[in-house]
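> Order-wise, the sequence lines are chains G and S.
Under my numbering, the first sequence is numbered contiguously, ending at residue 294.
Under my numbering, the second sequence is numbered contiguously, ending at residue 587.
A few of these clues could be false.
Derived Cβ-Cβ restraints for the label pairs, each shown as a range [unchecked claim]:
hint	chain 1	residue 1	chain 2	residue 2	range
1	G	His54	S	Cys572	39 to 49 Å
2	G	Glu286	S	Cys572	56 to 66 Å
3	S	Pro342	G	Arg94	45 to 55 Å
4	G	Ala47	S	Tyr521	13 to 23 Å
5	S	Arg538	G	His217	30 to 40 Å
6	G	Asp118	S	Ile384	22 to 32 Å
What the hints contain is simulated information worked out from the structure, not anything from laboratory work.
Only a predicted model underlies this, so the values are computations on that prediction, with no experimental measurement involved.
C-beta atoms are modelled at their ideal positions from N, C-alpha and C, and glycine is treated no differently.
Listed below are the residues making up each chain.
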Amino acid sequence: MIQELVVISGKGGTGKTSVAASFAVLAERPVIADSDVDAADLHLVLAPRTTARHEFRGGHQAVIRQADCVGCGECLAHCRFGAVRMAGEGGEARFFIDLLSCEGCGVCVRRCPASAIDFPERVCGEWMVSETRCGPMVHARLGVAAENSGKLVSIVRREARRIAEEDGHPLVIVDGPPGIGCPVIASVTGASSVLVVTEPTVSGEHDMERVLALARHFAIPAAVCVNKWDINGEMTERIENKARRAGVRVAGRIRYDRAVTLAQMQERAVVETDADAARDIRDIWERLNERRYR
Amino acid sequence: MILGIASGKGGTGKTTVAANLARAYGSPAQLLDCDVEEPNDHLFLRGPVREQEIITIPVPQVDASLCDACGECSRFCQYSAIVSLRTTPIVFPELCHGCGGCALVCPQGAIGETERRIGVVETVESENVTLMQGRLDVGVALAPPLIRAAKARMRRETPAIVDAPPGTSCPVIAALRGTDFVALVTEPTPFGLHDLTLAVDMVRELRIPFGVVVNRVGIGDDRVHGYCAAEKIPVLLEIPDDRRIAEAYSVGSLIVDALPEYRGLFMSLIEKTMKLKCAEIGVSAGGYDENQA
């Protein structure tokens, strides 16, 4: 069965992408997926050559045809997302839909007595299938200020799994988004396991606890690693103890190493350099695999 | 003045900037923690929780005795949150956006609404700062309604800082709507630069004046500075890469308390944003009223 490992963090900027890129290099014939669709960075390291692009249609958007609008304000009265703007007053009032606030529910379209509101499909971004030096990669770009990142994440993961199944890849590595909301839920549901990359700070600790609660909520086995652990050794132990008490495996520690940023600037994965941190990441990878194939 | 703090990339220092800035005001200031998935400002601005309010969204409740299984609700719903297969519909509250459309279209009047809890908004008093933070319940997908609820508690007469979540999608938009000026926090690395360009596209789309804060200056290269110069984006503040800052952060200390020599830096950010905002008045952000948060 195909394994799917999702790298998440709760807190942003803890090193998910650096870890995921290194795993992509270390893994045998993986498929790689970047599900941080609003701020994808993995392509900056893996330099994908895109072989196919697809539009992402994420629902609909309401558009008022001004020529047919009678200015009654029904749309404004019934929109629960504050997406209808009014210009002018009384009989002169005109109404507009603010596309950035419109959630595409269709209530205004239905309420409009003049049938003056169109409801076209909305292109919210694109997703790509690419080749990298580590294997095939599926990634995406959500449109600026667009909706529906969860749906786009689901597409990215589905395509990555499809490629893995068709071409016999044993593993999908997913570089996940920060947080615990919609795109994270879409990234982890049904995955084989998650690795939480955190940092030894009060924020790292707090956010790890919430993201582990999320993994528990969806019954996904989790492991934790602490990046830049030597910024605060005491906090690292506290975090590791909390993880163990929550029944979560501690997969290892990555030291603070300026060579990690240097690798990023050279568009290389950390394990493609001779950085000290590369050894730490290799150890974590081996520890994760002991468990997976046992 | 409402100042938004945002970034495309996570972990660039939004919380550091927002919390230190709020404290640096000295006089009463509000801080809205709109990173409701992972609110962190309370770890730095500690104090008693004065108030906790449960936030809900309306979700459909079907009265099976009135339903004739016509399926109109199911056809109308854009989110597949109410599904009827020639049966009384099944509701999936976790997919529901709370638009009220299903109740609207039900010919039998069989759909009412019930409240579903999505999280809480807490008010914390920490010296000069009133911190209002949204905290999304674990397992809930929809952050924007909670962000709007937190922002609804903002008082217009007191300066406010809005700490936005990372990224560029709907929760960020919900947080930044109605702010007067946005500071985009980044770091001088390829990831930082790439995600900054996405965040710049976003605030331009929102038509809010903005500038950039570069954090950890010294860890990478000068591509972020080059980009800002080329795009004529003001660099509001540079925070050096200082291990002491990272150590203070790790234990939940504010920089302005632990390393007073940096206090002037944050004061200067307040002054610069005020000046830039004044210079912008009448030229940008037109067309949007301010009650739309």
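> Is the gap between the beta carbons of glutamate 286 of chain G and cysteine 572 of chain S within 56 to 66 Å?
holds, 58 Å
> Do alanine 47 of chain G and tyrosine 521 of chain S keep their Cβ atoms within the hinted range of 13 to 23 Å?
Given range 13 to 23 Å: holds, Cβ gap about 20 Å.
> Indicate whether the distance between the beta carbons of histidine 54 of chain G and cysteine 572 of chain S respects the range 39 to 49 Å.
With Cβ atoms ~46 Å apart, the hint holds.
> Given a hint of 30 to 40 Å, does the C-beta separation of arginine 538 of chain S and histidine 217 of chain G actually sit inside it?
holds, 38 Å
> Range hint 45 to 55 Å: satisfied by the CB atoms of proline 342 of chain S and arginine 94 of chain G?
holds, 48 Å
> Do the Cβ positions of aspartate 118 of chain G and isoleucine 384 of chain S conform to the proposed distance bound of 22 to 32 Å?
Given range 22 to 32 Å: holds, Cβ gap about 30 Å.
Of the numbered hints stated above, none is contradicted by the structure.
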